[in-house]
Amino acid sequence: MELKPVIGLEIHCQLLTRTKLFCSCPTDYVGREPNTIVCPVCLGLPGSLPVLNKEALKLALRAAIALNCNILRKTRFHRKNYFYPDLPKAYQISQYDIPLGVHGYLEVNGKKVRIRRIHMEEDAGKLVHPTKTGRLEGAQYSLVDFNRCGVPLIEIVTEPDISSPEEAKAFVMELRSLVQHIGVSDGNMEEGSLRCDANISISVDGKWGTKTEIKNMNSFKAIERALAYEIRRQIDTILSGGEVVQETRHWDDSRGITTSLRGKEEAHDYRYFPEPDLLPLTITDELISEIRATMPELPKARRERWKRDYGLGDYEVSVLSSSKPLGDLFDTCVREIGRPKEVSNWLQVEFLRIVDELNLRIEESVFVVPYLKEILELLDNGVINAQIAKSVFEEAVRLRRFPHEIVKSKGLEQVSDESAIREAVKSVLAENQDAVHSYLSGKDKAFNFLLGQVMRVTKGKANPAVVRKVLEEELKALS
Amino acid sequence: MIDKKEIIPEDILDSIFRRIDEVERDLHSYITILKEEAYDQAKIIRGRLEKGEDLPLGGIPIAIKDIICTKGVETTCASKILKGFYPPYDATVVNRVKKAGAIIIGKTNLDEFAMGSSTENSAFGPTRNPWCLERVPGGSSGGSAAAVAAGETILSLGSDTGGSVRQPASFCGIVGLKPTYGLVSRYGLIAYASSLDQIGPMTKDVKDCALLLQVIAGKDDMDSTSLNVSLPNYLDACEAGDLRGIKLGIPKEYISEALDPSVAKVVEEAKRAFERLGAKICEISLPHTEYALPTYYIIAPAEASSNLARYDGVQYGLRIKGESLREMYLETRTNGFGDEVKRRIMIGTYVLSAGYYDAFYLKALKVRRLVKMDFDEAFKVVDYILTPTSPTPAFRIGEKVEDPLLMYLSDIFTVPVNLAGIPAISINGGFSQEGLPIGIQIMGRALDEFGLLKVASAFERETELHAYRPYGR
Ligand SMILES: [Zn+2]
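Residue numbers (the numbering used here), protein chains in the order written: chain A, 126 to 604; chain B, 21 to 493.
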């Protein structure tokens, strides 16, 4: 019996518009007082009518184009009817029979995952349960926060082309990087601007199995864990002769399991019908070419360019493209400084460490460019050595000061003067007779120890090449 | 019409409220009367008029159908479920009439959520016809029609989904216009069936109708379906001399055996009046007429079932507590909605549900297109279409409430217009033997309100029928 996981994803992405999909309320609901950014339209008050936010349409089209979709020129909105307290009109305005784009794909690690459709819709509000855990159980009543109502989303639906949890995670990461690159969404999973649901089934000897839908995977790690768990659960069910039930399941991150949310018998009849309050849309050639003209280089093309033009390796390229601001910073540095290999190393190792420690925002870090340029010049000219360079770079970023000033004020210039170094070497040899003996008896490791000691007494400022040369000479003289 | 220069708003209000005191107890045209607010407004408007401001409706009282949102004034749709709903905003039309200097004197009665043809389906009790208190004023804008007819206001606004402005205008002997879909913003009109609803003026004569239309028509950025067109001066339409060169069609499908003889007689007389005015009359055919009513009773409830789903007791209006969310929904909606509303919600839910959508809703959309094509064809041959507004004069209160299908038939001549989105006006065409007014309807091409007003105004001048009022004025 051959068992194969079959995974399809549905990803909701909040569009980076200033205002909501059908009114002019702001979209930045995170951290706001409940029900403070609402109006008659997004509250669905009687008599109110939606007016489409054209910016949202442009962003959604941008995503559809970047995902290689066929853009449908005549499209329209539908009403998806259902009752829930956080849905003020008791219907959600969404695109149903004619989405914005169909038949696209996204390449992930060389494999094309097909995109079935991409469409626009409005978000709902959220319920707040006044219990200690914030969960529904035990709540005497619930409160509704409508701030999120009407926030513009795109929903991206893949074909069931994904065959492992790792691949699913890689897909979502790649998709996030893409929407960030093209300015469509900030892709923040923690804040809910990128939400992922998955459909999973196990095919048995090539025959399709019953699928379940998993909701509430709030991080990349959760996606991987939830899918791995669900695949295991379905395989165990099949192997023990049971049957997988079609249902929606909830990922419980703290317990590491999926639980049944609602069964098929409660499946909704959404009574879709064309939204009469909005006119059908015609997507013009002009609009599409306008969007194409402003499309930045996509992550995949960027990675290929880095490999081709700069000779960078797969790993380096994947780190640099993990976020758009980092990739942008890299490109700026290379444009200003050249030397892509060295710049890449500095950014990946030193800069990312500092970003982490200082909680810096990469998108605000262009000031780093001249600092890095100076550091490389100071190294080139032998003013500082590599070790000092790292600490000077960190201090420059931390204090926003130019490296040459730091070097000067702290007297960190490299010492290359042979006689001064020879003095230091001699005193180190005199103080470390044991190490000298073991070196002389053939233990090469002792050489590095002695070298380190010389660097220590010179406070790291000695030119390591000169130290090496002098140390070799003095040890030779002793043998 | 009163000359604007000599208007003293308080004087007009005095006479209007005097009339309300006399007749409102019998008629019940209003759900809410805004006497104090009206006098406050009058003072402000008088000041603006004295300063020489040009206010097209300066100081003129207007009554608003209680399905159109008024900021800070309870808007109930004649339903228990919206009791206590005070909209935080004005409908665009309300905004526009206020800006034009009109004084809102009250919110008029209607069939709950505009569903009905007699204003008997109001949670606050029926309105009576000022021509005969035993009879209905028509519906659903019955309150607005009765108020104008009885002199309880000068202007009023109604809404017309399947004839709700024209049929009560006909029953009450006044002028009612359903504009082209999209000419008047629906923002703030509480939706019954969004693709059919349109706000329209209800007035005692055609000139007032033109004046009010001028104020409320035109593009509104808050309504995506509102049309961006330049407006003619509708008042000029009322100056036209005769109707020479105009071709009027009478559809044979509208003149059948079933037509009340008094209505048939009025149409016959109207035909002769138009001929005297120089118009050419000919018979035409609108072959899909018989399918219009069933089509309407699929599309309108379908949209209504979705539009009325928001009344769930969560945000505003009535809420009846329940042990669970489901119970709260059930109790609130069971107690909040009347029978007719429930009936239409159920029909609408049914025709939209999976498995029935294609057979009902989709098919209805196709027939709707055919009905529209009928009109397109007709308007290649004639300029306007003349029909009765309703197959009968006002019927007796209680006569049809028990038989919804019979009640639905009273909109049979008005519904096709809504399906096609074209404009139509109802004006008084004469009286029955019992002295009840009988309306005639004139339909026109999309956006030809100017032409409709011209034809109606010429007829009005020729017949002087608009001068007859119940209560003698
Ligand atoms: Zn809003």
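Simulated from the structure, these hints should not be mistaken for laboratory data.
What you are looking at is a predicted structure, and each value in this text was computed from that prediction instead of being measured.
Please note that the accuracy of each hint is not assured.
Stated by the list, open to error - Residues on chain A that point at chain B, a partial pick, calculated with CB under 10 Å:
#	residue
1	Gly169
2	Ser173
3	Arg396
4	Phe574
Backbone N, C-alpha and C fix where the C-beta goes; we use that ideal spot for every residue, glycine too.
Would you pick out the hints that fail for this structure and give their numbers low to high?
Hint 4 is the one this structure does not satisfy, whereas the remaining hints hold.
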